[in-house]
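Residue numbers (the working numbering), protein chains in the order written: chain A, 943 to 1242; chain B, 24 to 297; chain C, 2 to 221.
These are calculated hints, taken from the structure and not from any lab test.
Possibly wrong hints are sitting among the right ones.
[Stated by the list, open to error] Pairs of lysine-lysine, DSS-like flavour, derived with a Cα cap of 25 Å: (1) A:K1122 to A:K1099; (2) C:K85 to C:K42; (3) B:K196 to C:K80; (4) C:K99 to B:K196.
[Claimed, not checked] Quick list of simulated restraints, FRET-style, between CB atoms: (5) B:D126 to A:T1022: 47 to 55 Å; (6) C:G28 to A:G1013: 53 to 61 Å; (7) A:E1081 to C:A15: 47 to 55 Å; (8) B:L199 to C:E22: 31 to 39 Å; (9) A:D1066 to B:L120: 48 to 56 Å; (10) A:G1013 to B:T31: 31 to 39 Å; (11) A:E1081 to B:D126: 23 to 31 Å; (12) C:K109 to B:L45: 32 to 40 Å; (13) B:T117 to C:R69: 24 to 32 Å; (14) B:R192 to A:S1218: 46 to 54 Å; (15) C:G28 to B:A39: 48 to 56 Å; (16) A:H1115 to B:W200: 43 to 51 Å.
Glycine included, every Cβ here is placed at the ideal spot set by N, Cα and C.
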Amino acid sequence: MNALEVKNLSLEFLMYDGGFARRYLRVISNLNITARAGEMLAVAGSSGSGKSLLVHAILGILPKNARVEGGMTWFGEPLTPALQKKLRGREMAFVPQSVTYLDPLMRVGRQVSRDKAVVGGLFDRYHLDAAVARQFPHELSGGMTRRVLISAALAGKPRLVIADEPTPGLSPHLAEHAMKHFRELADAGAAVLLITHDLELAVRFADEIAVFYAGTTVETAKASDFTDENRLRHPYSRALWRAMPQNGFKPTVGVQPYAGNLPDGCLYAPRCDMRSPECGQKIPPPRAVRGGEVSCYNAR
Amino acid sequence: MKKLNRRTAAAIIAAAILAVILAIYIGGALLPAAAIDADFSQKGLPPSPGHIFGTDFLGRDMFVRTIKGLSLSLTVGAVASAISAVIALAVGLTAALGRGIVDHAVNWFIDVFMSVPHTVLIILISVALSRGAAGMLIGVAVTHWVSLARIIRGEVLQIRSAQYIAAARGFGKSRLWIARRHVLPHLLPQFFVGLILLFPHAIMHESGLTFLGFGLPPERPAIGIILAESMRYISSGAIWLAIFPGVSLVILVLLIDKLGSLVRYLLEPREAQM
Amino acid sequence: MQDRIDVSKAARGAGMLEAREIVFAYGRGRDILKGFNMSVKAGERVALVGPSGCGKSTLAQILAGMLRPKSGEVTIDGKPLPKKGFRPVQLIYQHPEKAVNPRLKLGKTLTEASSPDDALLAALGIEKAWMDRYPAELSGGELQRFCIARALAPETRFIIADEVSTMLDVITQAQIWELLCDVVSARGLGLIAVTHSAALAERVSERIITFDDKNSPPIK
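Chain A with its partners taken away, still in its complex shape (with noise of 0.2 Å):
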């Protein structure tokens, strides 16, 4: 079932330029997502790919000189501002990077959740002490700090979970404990979205990966494609891969395009090898190839 479905989301800025003229910055164009119900999606890309933003369009708390364009959709269902509202933080829950999310002067128990049953059933699933929910937030350590954060994102009964950039931070043993928790809401029932730069963590926990470039989707692909760079659709996905540094460490000359510096037709173009003359005319739509999505005319 799809929890949440963005299609051919696009976000503009009303910024100002030099001196007193402004103008519309585009950050997100022609953008498309699907989190399924009891599936993770991951959201891979850079930083200036629109992953941030994206999840403010979702959670509708974008500041006031943004422009929507396209349709978000949960369960079907238009996702209105009122909807937003209505969703948000009960069954549209966020859990955000960090402590300073957290009031620094409540009781980490209070801000769980009222309901003294609901945070001792959650710590309990937890790990944490149920003395913790008497401590503030400078009390607790790092990775107690992100347990709070799931517990408190959890305590609404969320049918959709939007984790920002969860591991950065932490050891490699507390970011996969992190990911077991995201997994196991997952494999209870409810959709997972997990923004993240961490492609390696992505492959081994999510279902499927989205891969983001210059605030558009170019790639979305079942995780185990990102295993070899060969099942991989889309130019930038390959050249993603072959940066890691576990598989070759090459990067690709060029950088990415930052807002207001778009250019015409397919956002890849100017650095990708396999270019041909239609790329230079409009953003490729997606299109299924291989059991996978990919927005490139070439990609076979």
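Got chain A; can you put chains B and C on it based on the hints?
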């Protein structure tokens, strides 16, 4: 016509406010003293096209008096806030750069200072310096630096711990070089805005003090003097004597305050503006 | 690992960056480093690997001479690090956007330590047009190139790269390391790569020093 965006509008309004303030200042300075000579034929007239603010009990035009008064207030305000801002800069920098005991001492001093009501302190200082313009100027100047000093201290502490400062030290750059290259450009806008926002406070205190009789001497054409005099005539129905100068003062103060917030907005990083 | 240096030789230890029995604690806190030893030769590439929070970054700052250890010493050519003036051990940071002044055009930032020549800029892939831009207008990978160029002054002898690619995507990471390794070997500088990633350390260094546990720094 295309609707102006916020940034453009802010710049235009700021320029307009600045023009009004300058006009008042220059107008007040250029108007000959003779313009407010007594003219008993025009005594106690209510507002009319000839005397839009009316005239007082000596037949002096209230509009001219008001402009002259505001002009004087601006001069006093400028000098007082400039002195205040310099004190703030010195204290803020001392606290931030001294750290440790010096910082604690300065903070303690600031706290003590803030616990004493401004007005009382200004009156004391002014009286101790035998009233008059100088006493009041010093009184206002030495009581207004506190909040700006705090801002400067915080700002400097924050910049000091920046990585690019650590990097510059690693390149063997001197403290002076780092201060000029890295600290000052961050500090100047803050300082500048703080200076503008000190202005209305200083003016209000100057007028208040003069009104109470502790400030400028009665022969100066100050707003505080005008208001104090006018109080005597309010009961006789000549309310224009108090209302027009009073409202003008309030408007001037609000304009400067607005100018301060507009300048702050314009100096903000562009990303923060919509 | 052959990190124990004969003291008589160390006195002459030319071309060596050495840390001996480094103990460090913040304020009155517990010791983060308890008698740490290491040495790097000019032209050598060493990786320091350990999870975040293990004291690697603190050690990096001590090696660069930005923090003073509670006891122990860091020497270069057998002499203590200079206290004033240009630091021959230059640190490159994890967050390039914090390591440059946001209010200065990058051209100014670049020339803060020295005036890098065109060949170096070309090698680092720094475009002339970037000089007139402000940091907010460039990406992390582009800014990191500036930080590297800035650190490569003529007096620089060793480079410590503290998680310099952690915030970058894998392609930019590979780009940055390729050019950093090239430049360092062309100039015969010593490189210390501080990272949490064993795979990355494997790729960029000739020798790996592991921080296995928070409280017991290595050297076996």
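Checklist entry - Tell me, which hint numbers fail for this structure? => result Of the numbered hints given earlier, the structure breaks none, since each of them holds.
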